[in-house]
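There are 2 protein chains.
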Amino acid sequence: MASLKVIPAPLDVPVAPPVRRPDPLLRELLGETLRSARQRQGRTLKEVATEAGVSITYLSEVERGHKEASSEVVGAVTRALGGSLVDLLTDMTVRVVPPLDTVAGGAEGLHAVA
Amino acid sequence: MASLKVIPAPLDVPVAPPVRRPDPLLRELLGETLRSARQRQGRTLKEVATEAGVSITYLSEVERGHKEASSEVVGAVTRALGGSLVDLLTDMTVRVVPPLDTVAGGAEGLHAVA
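Residue numbers (full-length UniProt numbering), protein chains in the order written: chain A, 1 to 114; chain B, 1 to 114.
Errors might be hidden in some of the hints.
[As the list claims (entries may be wrong)] In silico DSS-like links for lysine-lysine, alpha-carbon gap of 30 Å or less:
| # | chain 1 | residue 1 | chain 2 | residue 2 |
| --- | --- | --- | --- | --- |
| 1 | B | K67 | B | K46 |
| 2 | A | K67 | B | K46 |
| 3 | B | K67 | A | K46 |
| 4 | A | K67 | B | K67 |
| 5 | A | K46 | A | K67 |
Honestly, the hints are just simulated from the structure, not real lab data. Just so it is clear, the structure is predicted and the values come from calculations on it, not from any experiment.
Generate the whole structure from the sequences, applying the supplied hints.
Right, here's the structure in full:
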């Protein structure tokens, strides 16, 4: 039986720099957030679309990030999911916040003077 | 000089129920968030529109919540303001979170089963 030999990594190998993924498009993030919320509730596209007053096809396109939903539709679907705009924004933020170990430097924020 | 007399409120007067304002439309919230960020930076519509590659008229309409900006434009304007999607979402959330003393009950969130 061959013995296992632990080979330590040489100290002069540079550590890979942290990777920050580019921002997704807002409609992609919105779509996956709405889809995830609906699926967590175990509801079908048809149920939520009907309650929100939009077509199933349209809701499906929005969830896949293929269509820009109007603000009225965003509001209607969010309410159909039992949430408010704050809940939606919070869910979206949580999805897009990069894991701590991949953040390169501090967040600047919109408050910073460019 | 008339004396000031403190009249205690009768105990049986019902306390007014907390008022929760209806959610603004997403485009209105987005517009006022972008405008506020630009103004905090002391920058003109022209400067930011030029950097984002959109017309001044269009950016002005977006800022006033009159036009639905495409996700590409939201991204371009956010970057022109020196921020990321997380920064934008955070700023929007802070603007729409109701003050603590007006919240009626706890937030349900999109996680709740309707």
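Hints and how they fare:
Pair hint K67 of chain B plus K46 of chain B holds up; C-alpha atoms about 18 Å apart against a cutoff of 30 Å. Simply put, K67 of chain A and K46 of chain B have alpha-carbon atoms about 29 Å apart, close enough for the 30 Å limit, and the pair holds. Restraint check: the Cα-Cα separation between K67 of chain B and K46 of chain A comes to about 29 Å, which is no more than 30 Å; the hinted pair holds. Taken as a hint, the K67 of chain A and K67 of chain B pair is honoured in the structure, with Cα atoms around 16 Å apart against an allowance of 30 Å.
Straight-line distance between C-alpha atoms of K46 of chain A and K67 of chain A comes to about 18 Å, which keeps the hinted pair within the 30 Å bound.
Violation of the numbered hints given earlier is absent; every hint is satisfied by the structure.
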